[in-house]
Amino acid sequence: MQVIAHTERVAAPSSAGNRWLRDAIGVSLIVAAGLAGYWLFPDNLALLTRVIAVALLVLSIDLITGYCGVATLGQAALFGAGAYAAGIACVSGVTEPLTLITIGAVAGSAAGLLMGTIMLRAHGLAQLVLSIAIVQLFHEAANKASAYTGGSDGLAGLMVSPLFGVFEFDLWGQTAYLFGLALLVVVFVVLKFIVSSPFGMLCRGIKQDPIRIRAMGSFVFPVLLKMFVISGAVAGMGGALAAISTQVVGLDSVSFELSANALVMLVLGGLGTLYGALVGTVIFMGFEHIVSAINPFHWMTMVGALLIAVVIAAPGGLSGVLEKVSGSGKRVKTGGRA
Amino acid sequence: MQTVLSIAIDAFAYGMALFIICIGLSLTMGLMRVVNLAHGAFAMIAGYIASYAARDLGLGYAMAIFLAIIGTVIISIPLERLLFRRIYGRPELTQVLMTIGITFCVIGITNYFFGPTLKTIPLPGSLSQPVDVGFKTIAAHRLFVMACGVIVAGGLWYLIERTDFGIKLRATVDNAAMADALGVRTQVVYAVSFAIAIGLAALGGVVGAEFLPIEPYYALRYMVTFLVVVSVGGAGSIPGAVVACLLLGAVDTTGRYLMPEFGNFFFYAAVIAIVCVFPRGFFGRAQ
Amino acid sequence: MKVSKRILGAAIGALLMGSVPAMADTIKIGIIGPFSGPFALQGKNFQAGVEAYMALNGKSVKGHDIEVIYRDLPAANPAQSRALAQELVVKEKVQYLGGVYFTPDAMAITPLLKQANTPLVIFNAATSAIMTQSPLVVRTSFTTAQTTSPLGKIATERGVKKVISAVSDYGPGVDAEAAFKKAFEAAGGQVVEAIRMPLNTTDFSPIMQRVRDSGAEAVFAFLPSGPTTLGFVKAYNETGLKQAGIKFFAPGDLTQESDLPALGDGAVGLLTTFHYAVSHDSPENKKFVEAATKAIGGADQLSFPSVGAYDGMHVIYKMIEATDGKQDAQKAVDAVKGLSWTSPRGPVSIDAETRHITENIYLREVVKGPDGKTLNKEIQTFPNQKDPGLATQ
Numbered sequence: 271m272q273v274i275a276h277t278e279r280v281a282a283p284s285s286a287g288n289r290w291l292r293d294a295i296g297v298s299l300i301v302a303a304g305l306a307g308y309w310l311f312p313d314n315l316a317l318l319t320r321v322i323a324v325a326l327l328v329l330s331i332d333l334i335t336g337y338c339g340v341a342t343l344g345q346a347a348l349f350g351a352g353a354y355a356a357g358i359a360c361v362s363g364v365t366e367p368l369t370l371i372t373i374g375a376v377a378g379s380a381a382g383l384l385m386g387t388i389m390l391r392a393h394g395l396a397q398l399v400l401s402i403a404i405v406q407l408f409h410e411a412a413n414k415a416s417a418y419t420g421g422s423d424g425l426a427g428l429m430v431s432p433l434f435g436v437f438e439f440d441l442w443g444q445t446a447y448l449f450g451l452a453l454l455v456v457v458f459v460v461l462k463f464i465v466s467s468p469f470g471m472l473c474r475g476i477k478q479d480p481i482r483i484r485a486m487g488s489f490v491f492p493v494l495l496k497m498f499v500i501s502g503a504v505a506g507m508g509g510a511l512a513a514i515s516t517q518v519v520g521l522d523s524v525s526f527e528l529s530a531n532a533l534v535m536l537v538l539g540g541l542g543t544l545y546g547a548l549v550g551t552v553i554f555m556g557f558e559h560i561v562s563a564i565n566p567f568h569w570m571t572m573v574g575a576l577l578i579a580v581v582i583a584a585p586g587g588l589s590g591v592l593e594k595v596s597g598s599g600k601r602v603k604t605g606g607r608a
Numbered sequence: 023m024q025t026v027l028s029i030a031i032d033a034f035a036y037g038m039a040l041f042i043i044c045i046g047l048s049l050t051m052g053l054m055r056v057v058n059l060a061h062g063a064f065a066m067i068a069g070y071i072a073s074y075a076a077r078d079l080g081l082g083y084a085m086a087i088f089l090a091i092i093g094t095v096i097i098s099i100p101l102e103r104l105l106f107r108r109i110y111g112r113p114e115l116t117q118v119l120m121t122i123g124i125t126f127c128v129i130g131i132t133n134y135f136f137g138p139t140l141k142t143i144p145l146p147g148s149l150s151q152p153v154d155v156g157f158k159t160i161a162a163h164r165l166f167v168m169a170c171g172v173i174v175a176g177g178l179w180y181l182i183e184r185t186d187f188g189i190k191l192r193a194t195v196d197n198a199a200m201a202d203a204l205g206v207r208t209q210v211v212y213a214v215s216f217a218i219a220i221g222l223a224a225l226g227g228v229v230g231a232e233f234l235p236i237e238p239y240y241a242l243r244y245m246v247t248f249l250v251v252v253s254v255g256g257a258g259s260i261p262g263a264v265v266a267c268l269l270l271g272a273v274d275t276t277g278r279y280l281m282p283e284f285g286n287f288f289f290y291a292a293v294i295a296i297v298c299v300f301p302r303g304f305f306g307r308a309q
Numbered sequence: 005m006k007v008s009k010r011i012l013g014a015a016i017g018a019l020l021m022g023s024v025p026a027m028a029d030t031i032k033i034g035i036i037g038p039f040s041g042p043f044a045l046q047g048k049n050f051q052a053g054v055e056a057y058m059a060l061n062g063k064s065v066k067g068h069d070i071e072v073i074y075r076d077l078p079a080a081n082p083a084q085s086r087a088l089a090q091e092l093v094v095k096e097k098v099q100y101l102g103g104v105y106f107t108p109d110a111m112a113i114t115p116l117l118k119q120a121n122t123p124l125v126i127f128n129a130a131t132s133a134i135m136t137q138s139p140l141v142v143r144t145s146f147t148t149a150q151t152t153s154p155l156g157k158i159a160t161e162r163g164v165k166k167v168i169s170a171v172s173d174y175g176p177g178v179d180a181e182a183a184f185k186k187a188f189e190a191a192g193g194q195v196v197e198a199i200r201m202p203l204n205t206t207d208f209s210p211i212m213q214r215v216r217d218s219g220a221e222a223v224f225a226f227l228p229s230g231p232t233t234l235g236f237v238k239a240y241n242e243t244g245l246k247q248a249g250i251k252f253f254a255p256g257d258l259t260q261e262s263d264l265p266a267l268g269d270g271a272v273g274l275l276t277t278f279h280y281a282v283s284h285d286s287p288e289n290k291k292f293v294e295a296a297t298k299a300i301g302g303a304d305q306l307s308f309p310s311v312g313a314y315d316g317m318h319v320i321y322k323m324i325e326a327t328d329g330k331q332d333a334q335k336a337v338d339a340v341k342g343l344s345w346t347s348p349r350g351p352v353s354i355d356a357e358t359r360h361i362t363e364n365i366y367l368r369e370v371v372k373g374p375d376g377k378t379l380n381k382e383i384q385t386f387p388n389q390k391d392p393g394l395a396t397q
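Protein chains in written order, with our numbering: chain A, 271 to 608; chain B, 23 to 309; chain C, 5 to 397.
Okay, chain A solo, but in the shape it has when bound (with noise of 0.2 Å):
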């Protein structure tokens, strides 16, 4: 059974240039947003720091449910095991945050190493109820293990030495902010390398039609599960950077709840395309924030109705909606099931 909607992106037969050009355009444009945010914005970096390291996340989600086709509600499990590694290390004695970064990348991409293994042994809902479980025992171990993680109270006062021994990490948070504008950006075009290359091409036609990879000759399992090292890496990273920027690692991190909003928001900003997470992710996360501070008992119902107009009219999120009015000639193909 098919787990993820039919609408995808095929990539136009357009000249390599032009797609160079085009995925220029849009880290630059990435860039210049993160940018304005910082000018604009001075007073609430901390907020989009956290917007980033969430991010991150998102777009670990879209390499595994948007190229791969995998649909996961789990996800949360390898940015907490990030988040956890580096707040763990920090209070260990490690305060580098480049190599709190790195190690936040190593846990993840293990954590996602051990998630892929048992996750691709089942189908369908089945998969998708071994994603919650598994996010579910990471979320208890955290628990229980609180002479290493805190536990509930959380693991508190991680002092991040200054970035290449200049930029203080402090209160405003500019440098925190800085820091994880770059990261992101320098994570998005790796991503954006990884799948265009003949790898990520394998992984959308296993999304579409595994039987016939296999027909091939392609072996599904481990490609699979190098997208989802890939993707553990990722979350990781992002993971760390709330650690780093936050100063704090919560059992949040590692939670269902985590998990289903960062899916949410990927559903948002459109499967399948790298920018959708972002521009997703940033909605979503921008939209709470708003309204919490308005009326935070209304939050949820605008959530949900979100979500179901989204279902209804939307399919393909946002980017979606933004390619069918930009018409920028990519072609969109909608396929349905019988």
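Hints are computed from structural coordinates only; laboratory data are not their basis. You may find that some hints are simply not true.
With a cut-off of at most 27 Å between alpha-carbon atoms, the simulated DSSO-like pairs for lysine-lysine come out as follows [said to hold, decoys possible]: (1) K186/C - K414/A; (2) K185/C - K414/A; (3) K322/C - K63/C.
Keep in mind it's a predicted model, so treat the numbers as computed, not measured.
Position chains B and C relative to chain A; hints supplied.
Showing chains B and C alone in chain A's frame:
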């Protein structure tokens, strides 16, 4: 030995409460192939109606249950018409998202109207007494839940195996197009099954309110449990749902007795183990 | 929604009052609490306490107008807590931070207090260790260790020698277990078993079975206030433990006044220890309950977080007086060390060393009042209790 029996009784009671709620979800997922994550929301709505009826209107328990079931089914009709119909046949992720959206809306609206506090459903005097069954004192209400569960299981079995409607239902599950071609009115079958599923969720929500307290986050909080139970049992299978509920109920209860601080750990580890061995659940049908 | 109306009201009030004297500035206080979600009632209590204090003591201190800004934090979410605190300090430029219901949220805020030059006055979060995280934290609520310790003596006084402890497996729960064990064993009792229950347990029969099997004469319990507590107390009644004569001891979180209606008659007879009961008989409390009930909108919604907020505001007002409206966190905190006053709960003071509140702890019994509703009635007082969790440090 006494302890073992005692735990067994507790597990059975909990399992039956889960069963009544989950069997509806199993039917929806198995028959109509809709991953209805809003199932818990319907159970919750029923709980609220029953609580309102019993507490604020002062009606009896039986009346409250009756009103809750009717009320929830009535509420579900426009939802089915307007929203659920759009996701039949759509990919699972779409259904998950739509039904999560419905759940969020229901939570927000309930929060707005009823406030965030817990709502209890006052039990009649006869059901709130502890009953001494020899080796254990058990709340009378638990016996009631167990009885309900057994009746529901039996009733459903009878309905599906021995009635005309049951035959049509099974035919539609096996091959909807063919059944339609043969003159079975599949739309009616779907509508009635959906109503039955929601009605069962409502009943489960009300009688299970002692295990799963009614508050606005009920729909989300237990959604994972319901989904997991149905997946383990295999969607669409009554024996599967019974086995899954009892087994998971037993694992949960025993785990909580022996090592309470690990509580959920065993539950989810068991789920992973079972799903790895039975990827389609115990009695799931190959899709 | 109510929150923004209040802010608007306070702001307009501040503006109007500020337009009369020549030199009035506005001092902002940021309150973080659960105003939505499962603990929304506790946040509402915070607000009620704050508004009651301001109604009775005015909206300005020494010519400085007070503006209260509320931020919603529905659950224990350290990252969000820190983000909110950061926003309040950097964007809203608050001079004082207050509120905080959950321990992890408080722990996440403490690292930034020094840089922000802002004191934090905790209205609820009840774990001892928070005070050691920063010298700029003052607490006006209680700690679980503080409210639980008297139970040790109380249990032995009632002839109980063996107790089984059942707590929720999280920070305050573990604190409660440790505090009770220490106090009870010091009084000559024995804790036969210590069970830790996962936070999301809803079915307590297996736990009750274990309580029975342990052969204990009483059970000591601690759970977070809300749905789980209800289930626990009900299970205690329904599985016949009450009839079997097994006593029940717990800190007052389990019988908070806003939960009593749901517990119904099953709660009658439960013994709890706590720092505050709405029924406390004193003129200060009468005034407080009247003002807070008006602010919260319903008498049965009033509970202990409101008095924590009320006294917290008292402390903040004193800090503003001492610093004359200037932002100097260390001076503010130093000024209230040793401060003592009569709170609605009884006589209290801020311990100069730990900055935690010293207060009376009362033994209460749930009884049926003259109007048929259950209430916590104070039957014994343990005066001037400090926090035993901090005393050893």
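Honestly, which of those hints from before does the structure not fit?
Per hint list: zero violations.
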